[in-house]
Structure formats: structure tokens, C-alpha cells
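With the hints as constraints, model all of the structure from the sequences given.
Chains A and B, in that order, are what the protein sequence lines are.
All letters in the first sequence, in the order written, are residues 1 to 93 by this note's numbering.
All letters in the second sequence, in the order written, are residues 1001 to 1300 by this note's numbering.
The set of hints was computed from the structure by calculation and includes no laboratory data.
Honestly, I wouldn't trust all of these hints.
Said to hold, decoys possible - Pair by pair, the computed Cβ-Cβ distance ranges are:
#, chain 1, residue 1, chain 2, residue 2, range
1, A, L13, B, L1079, 44 to 52 Å
2, B, K1223, A, P48, 31 to 39 Å
3, A, K41, B, N1228, 48 to 56 Å
For each residue, glycine too, the CB sits at the ideal point set by N, CA and C.
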Amino acid sequence: MATAIKDNTEKALFEIKTSLEDKNVFQRKINQNGRTKNQVKKLVNNLPTTTIHLFSEDEFQRLKVIEQNLNHNIKIKKNRKSFLQLLINFLEI
Amino acid sequence: MTFNIKEIYLIIWNSLIQAKNWSIWKWFLLSSIGAASGTLQFGEKFFNLSAERSIKYAIYFIITLYFTRFFLIFIKESLKYYHEVYQNSSYGDAIILLKDCFSEVHYYRKTPGFQEEEFMKSMMLFCNNLKVIFDNITKSNCSVSIKVPVAENRVSEKTVLRNLTRDKTNKKRDTDDYKNTKHSIIGNSAFNNSLNKVVTNKPEKYYLNNNVNKTNNYLNTSKACYENEILPYNSEIVHPITPKKSIDPHNFDCHGFICIDSDKVNAFDNKYAPAILEGVSDGIFDLIFELNNSRDGDSN
Chain A
1 MATAIKDNTE KALFEIKTSL EDKNVFQRKI NQNGRTKNQV KKLVNNLPTT
51 TIHLFSEDEF QRLKVIEQNL NHNIKIKKNR KSFLQLLINF LEI
Chain B
1001 MTFNIKEIYL IIWNSLIQAK NWSIWKWFLL SSIGAASGTL QFGEKFFNLS
1051 AERSIKYAIY FIITLYFTRF FLIFIKESLK YYHEVYQNSS YGDAIILLKD
1101 CFSEVHYYRK TPGFQEEEFM KSMMLFCNNL KVIFDNITKS NCSVSIKVPV
1151 AENRVSEKTV LRNLTRDKTN KKRDTDDYKN TKHSIIGNSA FNNSLNKVVT
1201 NKPEKYYLNN NVNKTNNYLN TSKACYENEI LPYNSEIVHP ITPKKSIDPH
1251 NFDCHGFICI DSDKVNAFDN KYAPAILEGV SDGIFDLIFE LNNSRDGDSN
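In C-alpha cells form, the structure reads like this:
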């Protein structure tokens, strides 16, 4: 019988602080309960931030075209497996 | 799997030697049973055996004991050898393949006039080599992709990630449906969890799930692209593209995510797999940083 696993997904603990053309700056969310506006402001100002650097649509498309061209030149080595190797894989030993 | 005959002979020889290296009093005690039963006529009295036969059986018993010890030691030594060769060599191969990837990173960092084509070449090299590494380690079919955030008109926590590149073997996974789906950070447990760890400056920033299809409340925007919303993989590990050590203690930079999945349940360990990804993320971070620098340099 299939057993369900509990996911350890948390709610987003972050929110956007600033957003620019090429980056989004995230900051941790603060629980404002029991804190004055000044306390929250001070706390928020001292919090570290995380900057997510964005690719522009044009740049992304340009890189995808390069990838497509390069893809033709990449050769993947295919491993030919012997009967013994297949048997070992099947038995998972 | 290939058989190294020389090693097998060595294991047999060592097992033969070790089989006789038993405590001397045990050999003495057991071999004396035959002698005692012969001379004191125990065999004759209790089992109707002649003295000669009692000694013969005692010798057979000692030989059987020796070969039982030999057989068990041989199994033990063989298992040790198997572990050495097939477990350690996966990581040995990983070192060699990663060396190639990082030599590309170092080369581009040292070469003026960084080109986008060279950047993409090394990204693809990372994906293809990581696939070989994790296929070997997990003994399963893995897929490796690098996802980057792309600017959209509307900016929100729903920053959208797109596949910059994927290992060549699994390219077919990037269907039109997949490309047209908006893969947001908060719409995916893996990215959301990882980014939470970056924002809160946790020492380990990876997300690991070894049974995605049987996890409750597991969010994944790719599910919509597959029949019955069943993903074509069972395990996944995701690491944000961040530097190992941040220069600015008040701001952490992130350029996207490296995603590895496997068709096997419980494919990834929580020690070596995250460590490999952490090192690779550090290297890829440098490459993207270099790309951005060269772009900024061009625009000035």
C-alpha cells in the first residue's frame, strides 16, 4: 500500500523589498504582532536581503539559440551493455 | 561491471591465509576431539566407530571448518572489494568530470572578452557531466537542468524561472507545454524551500525530496504537463546558484537553481549529493557573475 509522505514545504518566508529591471531583492517577512511600527522598521532595516538576478527576455532567447546550435555538436556516449551487465542491473546487485 | 581476475586471485589467496589464522587454542581444541575420541575410544563406545574412523571424521571436520572460514572470509573480502570499486569509483569519476567542468570555469575567468557561446558551452558541460556523475552514483536515470529567473513585466514574489539548459539525453522533457508553463518560485516546493533557506541564511540551502509523487502538499508547476499529474521522476534535489561564501554579509546573491531528478525512489543521499551541488553552484555562480560583468562592460 502506498504511504503518503509529509512534505516539508514551508510557506514563503520572504517578500519583495525592491524590484529593478534586472533584479528582485527579497527580504525575510517579519511577524509584526506585539511590535510597534518603529520596532518593525528598525528590524526590517537590519535584516539581510537576497538579490535574485534576472536575465532579460532578449538575453535568455539569445542564449537559447546558442544552446540549440551547440546542441548539434554535443555527442553523448551511449554505453552498450552486455548481457551480464543487463542481468546485474536487473538484479540490482 | 568488469572482472579484475588479478584482484579475485588476491582475494582468494588472502582468504586462504586468513582462514588458517584462527586462534591456535581453537584449532588445538577442535583437532584434539578426533585424537581424544580415537585414543580414549569415545567413538567406539558411543557411536560404534573404529579409532581410525574417528580420527578420519575429525580430520574431515577440521577441513570443513577451514573451508567454512575460507568461504565466509571470501564473501566478506569480496563485499569489501565491491564496495571499494563500485562505490568509491563513482565518486572518483565524479572528481574527474568535475575537474573538467571547473577547468572551463577557470579558463573563462582568466580569458578576457568573455563570450556568450563559451558561457553556454560550459553550462551544457556542467549539465551533461552532472548527469553522468549522478547516473553512476544513484544507479538510475537522472536529469540535470539549470533554471534561471527571467524578467517579466509584472514583478512579484512569483518570479518566473525558465530552463536555461538541460542535459542532452533528457531534452525531450522540454516540451512546448513545459516551456509555456510559468514555473514560479512560490509555485514550486523545491524553489520556495531553497529560497527560504537563502533568505534566512541557513547553512544548508538545498531541497531534497526522495519520493515526490507520494508527497502530500508537494507543489510543482511541471505536474500540469504530465498525464494524471504524475511526474516522470521520483526523487529530486535542488540547490540555489549562490556563492559558497558571500562577500556581503547583508546581502546574498542568487542566479537561479540547479535541479537534478532521478526516476528512482530514495536516489539521493543527504551528504555527498548536496556537497557536489554546493560546489557546482559556486562555480556556476562565478560564470553568471562573469557574464553579467562582461555585459555591463559592453554597455559602458
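**Request:** Determine which of the earlier numbered hints do not hold for this structure and return their numbers in increasing order.
**Result:** none
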